[in-house]
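If you read the protein sequences in the order shown, they are chains B and U.
Residue numbers for the first sequence follow our numbering, so the first one is 1 and each next one is one higher.
Residue numbers for the second sequence follow our numbering, so the first one is 1001 and each next one is one higher.
Certain hints may be false.
Cβ-Cβ distance ranges computed for the label pairs, FRET-style [stated by the list, open to error]:
| # | chain 1 | residue 1 | chain 2 | residue 2 | range |
| --- | --- | --- | --- | --- | --- |
| 1 | B | Ser87 | U | Lys1223 | 15 to 23 Å |
| 2 | B | Arg74 | U | Glu1039 | 54 to 62 Å |
| 3 | B | Ala104 | U | Gln1222 | 24 to 32 Å |
| 4 | B | Glu100 | U | His1076 | 32 to 40 Å |
| 5 | U | Ile1002 | B | Thr68 | 21 to 29 Å |
| 6 | B | Gly59 | U | Ala1212 | 13 to 21 Å |
In silico SDA-like cross-links for lysine to any residue, where the CA-CA straight-line distance does not exceed 20 Å [to be verified]:
| # | chain 1 | residue 1 | chain 2 | residue 2 |
| --- | --- | --- | --- | --- |
| 7 | U | Lys1250 | B | Ala104 |
| 8 | U | Lys1187 | B | Glu45 |
| 9 | B | Lys89 | U | Leu1010 |
| 10 | U | Lys1007 | B | Arg96 |
| 11 | U | Lys1224 | B | Ser85 |
| 12 | U | Lys1223 | B | Ser82 |
| 13 | B | Lys89 | U | Lys1072 |
| 14 | U | Lys1250 | B | Glu100 |
| 15 | U | Lys1223 | B | Asp83 |
| 16 | B | Lys89 | U | Glu1209 |
| 17 | U | Lys1100 | U | Thr1056 |
| 18 | B | Lys89 | B | Thr50 |
| 19 | B | Lys75 | U | Leu1010 |
| 20 | U | Lys1251 | B | Thr50 |
| 21 | U | Lys1250 | B | Arg96 |
| 22 | U | Lys1251 | B | Asp86 |
| 23 | B | Lys90 | U | Tyr1210 |
| 24 | U | Lys1191 | B | Leu54 |
| 25 | B | Lys90 | U | Lys1033 |
| 26 | U | Lys1223 | B | Asp86 |
| 27 | U | Lys1072 | U | Lys1100 |
| 28 | B | Lys90 | U | Ser1211 |
| 29 | U | Lys1251 | B | Val44 |
| 30 | B | Lys70 | B | Ser85 |
| 31 | U | Lys1224 | B | Arg88 |
| 32 | U | Lys1033 | U | Val1109 |
| 33 | U | Lys1224 | B | Asp83 |
| 34 | U | Lys1007 | B | Leu97 |
| 35 | U | Lys1250 | U | Thr1056 |
| 36 | B | Lys75 | U | Asn1008 |
| 37 | U | Lys1251 | B | Glu100 |
| 38 | U | Lys1007 | B | Met81 |
Derived by calculation from the structure, the hints in this document are not laboratory data.
Because the structure is a prediction, the values reported are computed rather than measured.
We put the beta carbon where it would ideally sit given N, CA and C, even for glycine.
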Amino acid sequence: MKKNMDQLFFSLFQIGVSINQLNKQSEKQLKLSMVQWSLLKTLVEIPGATAHSLAEAVGVHPSTLTQTLKRLERKKYIFVMSDPSDSRKKLISITRLGKETMDATSKSLLNFSEEFTVIQKELKQALQQIPAEA
Amino acid sequence: MIPLLSKNSLVLLESFSFTRTLYAFDFDGTLAKIVTKPENAFMTKTTESLLEELSTLAPVAIVSGRSINDLKKRVHFNPQFLVGNHGLEGLGNNNASLTKAQAVCSQWVQKLKKMKFESGVEIEEKTYSLALHYRQARNKTNAKKQLLQSIAELTPEARVITGKSVYNLLPPGTLHKGAAMLHLIEKSSAKHAFYIGDDDTDEDIFSVEYSAGQLMTVRVGQKKTSHAKFYIDRQAEINRLLKILIGFHKKKANG
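In isolation and in its complexed conformation, chain B is listed as follows (with noise of 0.2 Å):
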């Protein structure tokens, strides 16, 4: 059982790692890392949002998305305004170059399938690991 952890622990890792360098490749062939590219995607959906709703809603503390909101803004793929009604709070939209980069991205994504696979295949024997009582 504990053999079955250590494995499970370390398959976890790996595929963290595979993630990461994903995430990297990604930004630097198609100029969006998949974070990025995920943030974008939600603020399609909520138009004006909050750093707050932002945050709930892809599942994260507001603090963690700042260096990548600020990076984003630098490339001017978002555009952060005071809100009209409360000038403490600032709205997020995605900017029209923020939208055709994220739909090239999307359309581009095909060229990591093997990257995929490899996750793919880290993430079915990480699955394997753990132990059939859970």
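Got chain B sorted already, so can you dock chain U onto it with the hints?
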């Protein structure tokens, strides 16, 4: 409130076009300019043509205090939604509630016609609601006082919505524009909505709580106490706004 037609606000407005959004417009003072006699209020041909074009690209609604029959005389195409009498008509309201509203209004009209008002005061019967206009009254202050006194004497007690030189009377227990707007968003299968109106009758929508999506609220004319987040300077800017919305949707279609 900030200007809608500024560079920054337009980025936000454009982002609404990336997903299904309902565009809803008040009629008098928004699509059509305010005129002395209500029967003379019409959209310009350009405004109507642009609105029709927008309705081919996205769901469009006209939400008005006018009755639907009256609206149909002034809208010569079929937008997806026509909502009249501040939400009483056009949302599949049941006949029983409409019949009741009609009976209450008839009762009010009978009483009001026996009262004396300043010359120029006009009682507009809209079947399920009434509009008491005093725009053409010589002494507006006196006309307002008389109307408010007479409204206080009506039974059942009227729900009063103040407009530009008009008191709108709705039977008690009827939907207000805000609730009508929420109902409309649901009917349109849109997740988000845009609404533009010009007076206090639209504040019900500007202040509505809509948690299922985003609602962009715009007032025609800046007013510090309004709950709308954005404004356009005057009704004459409506064509520019419509062209911008059409442009966003056409770019999306071609992209």
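Would the hint linking Lys1250/U and Arg96/B be met if the CA-CA limit is 20 Å?
13 Å, holds
Does Met81/B lie within 20 Å of Lys1007/U when you go C-alpha to C-alpha?
This hinted pair holds, its Cα atoms lying about 11 Å apart.
Against the 20 Å threshold, does the CA-CA distance of Lys90/B and Lys1033/U hold or violate the hint?
34 Å, violated
Distance restraint between Lys1250/U and Ala104/B, which requires alpha-carbon spacing of 20 Å or less
With a Cα-Cα distance of about 18 Å, the restraint between Lys1250/U and Ala104/B holds, given a limit of 20 Å.
Below or equal to 20 Å on CA atoms is what counts here, so check Lys90/B against Ser1211/U.
17 Å, holds
Compare the distance between the alpha carbons of Lys1224/U and Asp83/B with 20 Å, and conclude whether the hinted pair is satisfied.
15 Å, holds
Using the beta carbons of Gly59/B and Ala1212/U, state whether their distance is inside 13 to 21 Å or not.
19 Å, holds
Measure nothing beyond the straight line between the CA atoms of Lys89/B and Thr50/B; if it is 20 Å or shorter, mark the hint as holding.
Holds. Lys89/B to Thr50/B sits at ~7 Å (cutoff 20 Å).
Pair hint Lys1251/U and Asp86/B, alpha-carbon separation not exceeding 20 Å:
Violated - the C-alpha atoms of Asp86/B and Lys1251/U are around 31 Å apart, more than 20 Å.
Taking the Cβ atom of Ala104/B and the Cβ atom of Gln1222/U, is their distance within the range 24 to 32 Å?
39 Å, violated
Between Lys1007/U and Leu97/B, is the straight-line Cα distance small enough, at 20 Å or below?
15 Å, holds
Take a quick look at whether Lys1251/U and Val44/B sit within 20 Å of each other, Cα to Cα.
16 Å, holds
The structure does not agree with the numbered hints 3, 13, 17, 20, 22, 25, 27, 30 and 32 stated previously, though it agrees with the rest.
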